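Participant: Heads up: the first sequence is residues 0 to 471, going by numbering that gives the first Met the number 0.
Don't read these hints as lab results, they were simulated from the structure.
Heads up, some of the hints might be wrong.
16 Å max Cα-Cα, derived EDC-like pairs, lysine to aspartate or glutamate [stated by the list, open to error]: (1) K38 x E3; (2) K71 x D40; (3) K407 x D427; (4) K42 x E72; (5) K42 x D18; (6) K210 x E420; (7) K199 x D189; (8) K42 x E65; (9) K467 x D63; (10) K94 x E48; (11) K276 x E303; (12) K330 x E352; (13) K430 x E414; (14) K56 x E288.
Pair by pair, the computed Cβ-Cβ distance ranges are [as the list claims (entries may be wrong)]: (15) F332 x K195: 47 to 57 Å; (16) F296 x K94: 14 to 24 Å; (17) E414 x E241: 22 to 32 Å; (18) K94 x R247: 16 to 26 Å; (19) K330 x R247: 40 to 50 Å; (20) D413 x E303: 48 to 58 Å.
Treat the numbers as computed from the prediction; the structure is a model and nothing was measured.
All C-beta atoms in this analysis are idealised placements derived from N, C-alpha and C, irrespective of residue type, glycine included.
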Amino acid sequence: MTLEQFYVTSNSMNTRIKDILKLTGNGQEMTVEGWIRTKRDSKSVCFMELTDGSSLKNLQIIVDKEKYELDKEIERISTGASVRIIGHLVPSPGKNQSVELQGSSIEILGDSPSDYPLQKKRHSFEFLREIAHLRPRTNTIAAVTRVRNALSYGIHTFFQENGFIYIHTPIISASDAEGAGEMFQVTTLDLDAPPKTDGKVDYTKDFFGKKANLTVSGQLEAEIYATALKNVYTFGPTFRAENSNTSRHLAEFWMVEPELAFCSLDGNMEMAEKFLKYILQYTLDTCGEDMEFFNKFIHKGILESLQHVIDTPFTHVSYTEAVKHLEKAGKNFEYPVSWGKDLQSEHEKYLTEEIFNGPVIVTDYPKEIKAFYMKLNSDNKTVRAMDILVPRLGEIIGGSERENDYGKLLNRIDELGLDKEDYWWYLDLRKYGSVPHSGFGLGFERLVQYVTGMQNIRDVIPFPRAVKTAEF
RNA sequence: UCCCCUGUAGCUCAGCUGGUAGAGCGGGUGGCUGUUAACCACUAGGUCGGCAGUUCAAGUCUGUCCGGGGGAGCCA
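The whole structure should be built from the sequences, with the hints applied where relevant.
Facilitator: Okay, structure coming up:
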């Protein structure tokens, strides 16, 4: 009849500290499970903070040692231990919590020896990265994890509510045609002695019968499904083998790529603006406590800056106009501005922070600095590209209307010296029932960074993969 | 890949112009308290990232390698 009948209702699976903290304590008995954050023990009374990751706030456990024989258990408990505690929820006379659990029974599920590396004191994120298997037990990483989850869910919700179909584009790609950066090769060949023909590696002997790589983008495949199911999106892992060691790059990251058929650049921009505002609002609505935490301890003023993006209509400006604005600003940029050159991050930040003081969508870039698949404007010089710039970060979304004219696309492929054989199926989409279509890409970890204010991208993904980094 | 900074106890750091090391937190022991970054006392932890060099003498200077951070480029 209803889906609710399949919800899990057994006590141990759905009792969360987050919910317990909202209750009024009237002596009701309950069982709680979690990890001990800290213990304050004395002769007659012992206090413990219990967390289960559902909330930033801990549940305070109090044990009246004169009433209950729990000395042995309390002795064994130290920071990090996992426990199951039965007790009565009562109002707390203390200052920092409204309720507390009067423990009457303690079961230690897992001891935590004194070399447990996490203290309740603040640790540096650099140190936490070295113990990535334990770092989700910290306030900040747990909060990041919850916000990351909310953003994922918000993204899916937005697209699903708007009729988009979720497409699982391949992780392994043999098309060799994506052209968006250095790729990781995937092979089962013996690297010490690969089969060779005329001195070169013979990939016909490889697993796929040709050279294969990890995908650098799902866009081209998404276009295939968009030209059949109208509006689609991908949301999955992407790989770049660039030797870039920065706080904004990963070798493995997640990307959101919607693709809309029968949609021009204008529709694309409207959708992108609503999308961004939706997921920001969704996160503020569902992660209030965590966002307050980030606002207070990680990046002061972040709530205000996100709200500003939600409230402000995005400014539209062409690349040509943007360059004029920047030239007129008379500022001494490290990289000088001139028409035909790509906007540097300093330029993007200046546009969105100083000139327009809000989100800006820059459109119609010179074709030379954009990808081959973007739709050529009638001036034959610029393409229907759009980048969304936001204060504090710069570019957050990049997209375009795709070239849907077979001849023009073939022309671009030729101009750039690409091999049209590699793009045969991509060209076919323009040969059979071609339609105007558009889409954009959003780097998911960059979004999580932007929303949480976390400085290093390696701290917003559970298991970062980067140059010389794949321990966990 | 380039530029800058950095690597001292489990963690966060101090150690001036070269003379073989210290604090806070954490750990251990004891005490005390409706506590909450608890408090008090005592205590145990370090061949100062690796290697080579200068020097009577190097944590401190030089070179080099490795790790970390920031910025740039590439990009998402």
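Participant: Hint compliance check: list the failing hint numbers for this structure, sorted ascending.
Facilitator: 1, 5, 9, 13, 18, 19
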